[in-house]
Amino acid sequence: MTPIATSRSTAGLPTGTLGVWWLLASEIVIFGGVLCSYIMHRLSHDWWSAEAANTNVYIGLTNTFVLLTSSLFAVLAHAAAQRGDGKLAARRLWYTIGGGAMFLCIKAYEWSMEIGHGMTISSSSFWAFYYTAAGIHASHVIAGMIAMAVVAMDAAKGKFLHRVENAGIYWHFVDLVWIFLFPLLYIAK
Amino acid sequence: MSDHAQAAHGDHGDYAAHEAHYKKIWAVLLVLLLISFAGPFLEIRAITMITAFGIAIVKAWLVAKHFMHVTAQPRFVIYMLSTCLVFMLLFFAGTAPDVMEHEGAHWAKVNPDAGQPERVLHPEAHGEHHE
Chain A
0 MTPIATSRST AGLPTGTLGV WWLLASEIVI FGGVLCSYIM HRLSHDWWSA
50 EAANTNVYIG LTNTFVLLTS SLFAVLAHAA AQRGDGKLAA RRLWYTIGGG
100 AMFLCIKAYE WSMEIGHGMT ISSSSFWAFY YTAAGIHASH VIAGMIAMAV
150 VAMDAAKGKF LHRVENAGIY WHFVDLVWIF LFPLLYIAK
Chain B
0 MSDHAQAAHG DHGDYAAHEA HYKKIWAVLL VLLLISFAGP FLEIRAITMI
50 TAFGIAIVKA WLVAKHFMHV TAQPRFVIYM LSTCLVFMLL FFAGTAPDVM
100 EHEGAHWAKV NPDAGQPERV LHPEAHGEHH E
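As you go down the protein sequences, you meet chains A and B in turn. 0 is the number of the first residue of the first sequence in numbering that gives the first Met the number 0; add one for each residue after it. 0 is the number of the first residue of the second sequence in numbering that gives the first Met the number 0; add one for each residue after it.
For reference, chain B alone in the conformation it holds in the complex (with noise of 0.2 Å):
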């Protein structure tokens, strides 16, 4: 076999091991999404909080590494996104308290419940609930 045939060949089996890879990281992606499904049959809402959201961190981890191929990019690509990232979290954190606690020490909410379906509110008076 000629030397550029030979280097056809390995590239040739290279891109099907890629491929392979790709599809190998897909199955795993499937596995994990049946487990996060299951998750909540068993009623245990520890559980069905680490299968529900633990494992969407490690599936969108596999994406990101194995389909965006974000740790191959050049560092700053990764500095930019986690500068996104954490500005947004500090968006979360400074905003959080308010949306969540109904009281401090100087304010309290006037309607707690804004925002809530009346059939709730009155269920005696609406009666139900979507089944």
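Extracted from the complex, chain A is given alone in its bound form (with noise of 0.2 Å):
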């Protein structure tokens, strides 16, 4: 049975999409809340950016290389979606995922490096906005990770293209956040 988001549209959207701009208009509220308290914070403690001289900028550029690349896996996917070669836009979402993978390995490596020097999310406000802000940033790369390993496995049977876009404008947004997190915690110190 196809679903209701598949086939509907509304608004001069398909439902899912318009679903899509929904849900990432509520994640500019969440994540602007926490860029901008970093930032208050920041302006705020001249002591932080001792701290911030903490993180590894060339961990960080790794990383933001990794999803930039992994974003252009997936817009290359919705372009595959768009011509209707399912199999195609298949490989080109895992290899996204991939992106995604490498990225959270990369950050398991940081996060176990700095938690081995002693700084816990315990250590100070900066610590802790550091590892709540790159934690739930985190936590959404999981979450696009599993979404897009879903629609992977339809579009290589040829089913339900058109999600390929979808999954692909959250992917991006959460690459658009961690284009605003690497200078706020790794360059600006």
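To be clear, the hints were calculated from the coordinates, so they are not data collected in a lab. Where a beta carbon is used, it is the ideal one built from N, C-alpha and C, also for glycine. Among the hints, a few may not be true.
[Said to hold, decoys possible] Calculated Cβ distances over 12 Å to all of chain B for the following chain A residues:
1) L17
2) G97
3) C104
4) I105
5) K106
6) S111
7) G117
8) G134
9) I135
10) A137
11) K156
[Claimed, not checked] Some but not every residue of chain A turned toward chain B, in silico, with C-beta under 8 Å:
12) Y37
13) T61
14) F159
15) I186
Got two chains here, each in a separate frame; can you build the complex from them with the hints?
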């Protein structure tokens, strides 16, 4: 049976796509709130710069590269889906998922190094913000990977190809959030 | 060449052009990433801020426009996203003074350095910063 979100179109958009945009509108408030709170505290606490100096900019750079590349594969998957090539779209979605997995592995390595050096979530308010912001972002990466795997399995059979775009929009948003987290956590010291 | 074959060839050309465009945007994003990484090495605070946050805004716009196709969506989608962004900024403007100021006309923070690690508060007692 075809899901309602697949067959119905409201307000000039497929219902599924409209749902993704609503989801992202709520995510703007969530991530925007976290980022703005971080900026407020960063500007009012000079000692945060000494704490921020401990983050590893090379790891941040590598992870930004990985996420940007995974976003490229997501939009290429959308292009393949648009021309009805489900198998190619699915393959490119799996590459995107691979990028997400690589991002999480690098993050796990980074966090284990920092925690090993005694910089834990309870060390100071800077590290509380650091782990919260990066942790919320990482949980969205995991959610995106799961959603994309479901979409990729259907796309490989040529089913629900329009969902490739929806998954891609979400993934690009996750990438977009990281674009702001990178300078905040790694560059502005 | 038949009309159908010509149309198919034209479609294929369009798709190839689209994919080439996406790869070009990705390359631009990587160049901007390298610039934002290199900015702090000049050790000029203003340049660091511009290369970090100015470039982040440009990168975000490139992703939103070319990968998410925001500008191709119905107008109400832009309004929906903008409304959330504006309300979030209102929240920021409303709470920022309480966080960023240490005293006001009728109030003062009891402990403005709350959350500071002990090693920074008492460096002579605990010694070191993390390297």
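Right, here's what the structure says about each hint:
Chain B draws A/L17 into its interface by the beta-carbon criterion, the shortest separation being 8 Å against a cut-off of 12 Å. The Cβ of A/G97 lies farther than 12 Å from every Cβ of chain B, with a closest approach of about 16 Å, so its non-interface assignment holds. Non-interface call for A/C104 relative to chain B: holds, since the shortest CB-CB distance, roughly 20 Å, exceeds 12 Å. Against the 12 Å criterion, A/I105 stays outside the reach of chain B, whose nearest CB is about 15 Å from its own CB.
The Cβ of A/K106 sits about 17 Å from the closest Cβ of chain B, beyond the 12 Å cut-off, so the non-interface label holds. Its beta-carbon lying about 15 Å from the closest one in chain B, A/S111 satisfies the requirement of being farther than 12 Å from that chain. For A/G117, the condition that its CB be more than 12 Å from all CB atoms of chain B is violated, with the nearest at approximately 7 Å. Here A/G134 stays apart from chain B, with its beta-carbon at least about 18 Å from theirs, past the 12 Å limit.
The non-interface label for A/I135 is consistent with chain B: the shortest C-beta to C-beta separation is roughly 15 Å, beyond 12 Å. The claim that A/A137 lies off the interface holds: its Cβ sits roughly 19 Å from the closest Cβ of chain B, which is beyond the 12 Å cut-off. Interface exclusion of A/K156 from chain B stands, the closest Cβ pair being 21 Å apart, more than 12 Å. With a cut of 8 Å, the hint placing A/Y37 at the interface with chain B is violated, because the nearest CB-to-CB distance is about 11 Å.
Hint status for A/T61 relative to chain B: violated, with the closest Cβ pair at about 10 Å, above 8 Å. Checking A/F159 against chain B by beta carbon gives a least distance of about 19 Å; that is not within 8 Å, so the hint is violated. The interface hint given for A/I186 is met, as the beta carbon of that residue sits about 4 Å from the closest beta carbon of chain B, less than 8 Å.
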